[in-house]
Amino acid sequence: MKNKKSKLLIEKSLSQETLGDLEKKYGVKFEAPANTKVWRYLEGNGLPTLARIIRNFG
Amino acid sequence: MNKFDFISEVTLRTNLVQAARYLNALSSVSISPQYKEDILFISSLRKTIIIHVAAIVEALLLWELKQVLRTTKVKLLNEWKYKDMNVLYTISTSEQIVAGRRLIEKKDIEKLDFLRVIQLCDKYKIIQSKKLLEDVQALRELRNKLHIGGLKEIEKEYQNSDLEFCFLVLEHILQLVAKGGD
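First to last, the protein sequences are chains A and B. Just so we're aligned: 4 in my numbering is position 4 of the first sequence, and the numbers increase by one with no gaps anywhere. Just so we're aligned: 1088 in my numbering is position 88 of the second sequence, and the numbers increase by one with no gaps anywhere.
Rather than coming from a laboratory, the hints here were simulated on the basis of the structure. Treat the hints with caution; some may be incorrect.
Covered by chain B, per the in silico footprint, the following chain A stretches (three or more residues, Cβ under 8 Å) [unchecked claim]:
# : stretch
1 : 19 to 27
2 : 41 to 49
Straight-line C-alpha distance at most 35 Å; calculated DSBU-like pairs for lysine-lysine [as the list claims (entries may be wrong)]:
# : chain 1 : residue 1 : chain 2 : residue 2
3 : B       : K1123     : B       : K1047
4 : A       : K25       : A       : K12
5 : B       : K1156     : A       : K37
6 : B       : K1156     : A       : K25
7 : A       : K37       : B       : K1036
8 : B       : K1003     : A       : K37
All values derive from a computational prediction rather than experimental measurement. Ideal Cβ placement from N, Cα and C applies to all residues, glycine included.
From just these sequences and the hints, can you work out the full model?
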């Protein structure tokens, strides 16, 4: 079951990935709710172009 | 960035997706509050991100070049292989006048380095915008700073603005390759 869960996480598209996913995978802490989309976080923290790339290609 | 559908080669597409995922994770870590006091770490992380962006751009341009040329060997620009050399006159122990044949160098397209990929993308009009060509060259030069042995200055502190520049180049190249040329 654990393997199945991690497989599902890996297969999630980048545009759907959340800060919570990154916290689980890498143990990094963010000052934003866990359900915040990563691209939104990037957009609001000085990396709008990468956010746009993820939205368009992710 | 896991929809590189325009890349039909499965291995390349999978490698691009993995690089993109890593890029996404590293970029998020670089702006997380957890490490914001560790300036040297964040700067090094940004440098790693730049290396990944350059790797993706290089792979995308090589892919496009292969689509245009449809060949495994490519003629290089003004690079010659010298054969059957004969010494006509020896001026000194370090200088001779010679004669021989020279052939334009051909190289396996899979083994082209980033500089040659850019030059060939210019030659075959894959990138037509001079500004974009200059920006891709600038990205390559930033990437080359991974060779710290050859740097003449102490490494600078990388900023978000450096990342934004690299992401803009990546965005343009993604759009260019997705639609199949400039």
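Please count how many residues of the stretch 41 to 49 of chain A have a CB within 8 Å of a CB from chain B and say whether that reaches 3. Check passed, 7 qualifying residues.
Straight-line Cα separation of K1156(B) and K37(A) no greater than 35 Å? holds (31 Å)
Is K37(A) close enough to K1036(B), meaning Cα to Cα at most 35 Å? holds (20 Å)
Compare the distance between the alpha carbons of K25(A) and K12(A) with 35 Å, and conclude whether the hinted pair is satisfied. Holds, at about 13 Å.
Between K1003(B) and K37(A), is the straight-line Cα distance small enough, at 35 Å or below? Holds. K1003(B) to K37(A) sits at ~18 Å (cutoff 35 Å).
Could you grab the alpha-carbon distance between K1156(B) and K25(A) and see if it respects the 35 Å cut-off? holds (30 Å)
Can you confirm whether the C-alpha distance between K1123(B) and K1047(B) stays at or below 35 Å? Holds: K1123(B) and K1047(B) sit about 30 Å apart, inside 35 Å.
How does the coverage statement for the stretch 19 to 27 of chain A fare against chain B, requiring three or more residues with Cβ below 8 Å from a Cβ of that chain? holds (count 4)
Of the numbered hints given earlier, the model fails none.
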